[in-house]
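So for the sequence shown, our numbering puts the first residue at 1130; every next one is plus one.
Heads up, a few of these hints could be off.
Cut-off 30 angstroms, straight-line C-alpha distance, at most; resulting in silico cross-link-like pairs (DSSO-like, lysine-lysine) [said to hold, decoys possible]:
| id | residue 1 | residue 2 |
| --- | --- | --- |
| 1 | Lys1142 | Lys1204 |
| 2 | Lys1174 | Lys1188 |
| 3 | Lys1162 | Lys1216 |
| 4 | Lys1142 | Lys1174 |
For each label pair, taking beta carbons as the anchor points, the in silico distance ranges come out as [stated by the list, open to error]:
| id | residue 1 | residue 2 | range |
| --- | --- | --- | --- |
| 5 | Ala1172 | Asp1149 | 18 to 28 angstroms |
| 6 | Arg1214 | Pro1157 | 19 to 29 angstroms |
| 7 | Leu1178 | Asp1158 | 35 to 45 angstroms |
| 8 | Thr1140 | His1163 | 42 to 52 angstroms |
| 9 | His1198 | Gln1171 | 27 to 37 angstroms |
| 10 | Arg1192 | Gln1171 | 40 to 50 angstroms |
| 11 | Thr1176 | Gly1197 | 34 to 44 angstroms |
| 12 | Ala1155 | His1198 | 28 to 38 angstroms |
| 13 | Pro1189 | Lys1210 | 33 to 43 angstroms |
| 14 | Gly1148 | Thr1183 | 14 to 24 angstroms |
| 15 | Leu1194 | Ala1172 | 40 to 50 angstroms |
| 16 | Leu1178 | Phe1133 | 15 to 25 angstroms |
| 17 | Gly1132 | Arg1208 | 21 to 31 angstroms |
| 18 | Leu1194 | Gly1148 | 16 to 26 angstroms |
No lab work stands behind these hints, which were simulated from the structure alone.
Virtual Cβ for every residue (Gly too), placed ideally from N, Cα, C.
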Amino acid sequence: MTGFRLIPVVTEKSMRLAGDGVYTFAVPDWATKHAVARVVEQAHKVTVLAVNITRRPGKPKRRGLISGHTSPTWKALVRLKAGQRIKGFEVALGESEHDHEHESKTDATPTPAAASGKDA
1130 MTGFRLIPVV TEKSMRLAGD GVYTFAVPDW ATKHAVARVV EQAHKVTVLA
1180 VNITRRPGKP KRRGLISGHT SPTWKALVRL KAGQRIKGFE VALGESEHDH
1230 EHESKTDATP TPAAASGKDA
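Work out the full structure, taking the sequences as your base and the hints as a guide.
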């Protein structure tokens, strides 16, 4: 099997690494480093320098007396040639829309009583 889907992993850490040229994808358990590199290069027209694959173990789960665990997942960390980017991983730098909403709620104008210095 050579073809598989690249599913981007979107976390705070993966977005921080994307700024350094390392992109994170969820991959199937049978994917090899060479296969991941080939799929990324073909899908995004970039040059892959290195691929690291990590396995996240399944979490133990319990329902009553029955215990089990979730399936493990695999992630591929793909380092690209300097200056190359993959669309969809860009993080908007600066203030977000949510920050502006928060600021407008906290920046209240003083009431006339507070402005005159008299106690109510």
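The hints, checked one at a time:
1. Lys1142 / Lys1204: 13 angstroms, holds
2. Lys1174 / Lys1188: Distance of about 36 angstroms is beyond 30 angstroms: violated.
3. Lys1162 / Lys1216: Holds, because 21 angstroms separates the two Cα atoms, which is no more than 30 angstroms.
4. Lys1142 / Lys1174: 24 angstroms, holds
5. Ala1172 / Asp1149: 18 to 28 angstroms: 21 angstroms, holds
6. Arg1214 / Pro1157: 19 to 29 angstroms: 25 angstroms, holds
7. Leu1178 / Asp1158: 35 to 45 angstroms: Distance hint for Leu1178, Asp1158 is violated at roughly 24 angstroms.
8. Thr1140 / His1163: 42 to 52 angstroms: With Cβ atoms ~26 angstroms apart, the hint is violated.
9. His1198 / Gln1171: 27 to 37 angstroms: The hinted range 27 to 37 angstroms holds for His1198 and Gln1171, with Cβ atoms some 35 angstroms apart.
10. Arg1192 / Gln1171: 40 to 50 angstroms: Taking Cβ atoms as reference, Arg1192 and Gln1171 lie about 42 angstroms apart, which means the hint holds.
11. Thr1176 / Gly1197: 34 to 44 angstroms: At 42 angstroms between Cβs, range holds.
12. Ala1155 / His1198: 28 to 38 angstroms: 18 angstroms, violated
13. Pro1189 / Lys1210: 33 to 43 angstroms: 41 angstroms, holds
14. Gly1148 / Thr1183: 14 to 24 angstroms: 20 angstroms, holds
15. Leu1194 / Ala1172: 40 to 50 angstroms: For Ala1172 against Leu1194, whose Cβ atoms are near 46 angstroms apart, the range 40 to 50 angstroms holds.
16. Leu1178 / Phe1133: 15 to 25 angstroms: 21 angstroms, holds
17. Gly1132 / Arg1208: 21 to 31 angstroms: 22 angstroms, holds
18. Leu1194 / Gly1148: 16 to 26 angstroms: 47 angstroms, violated
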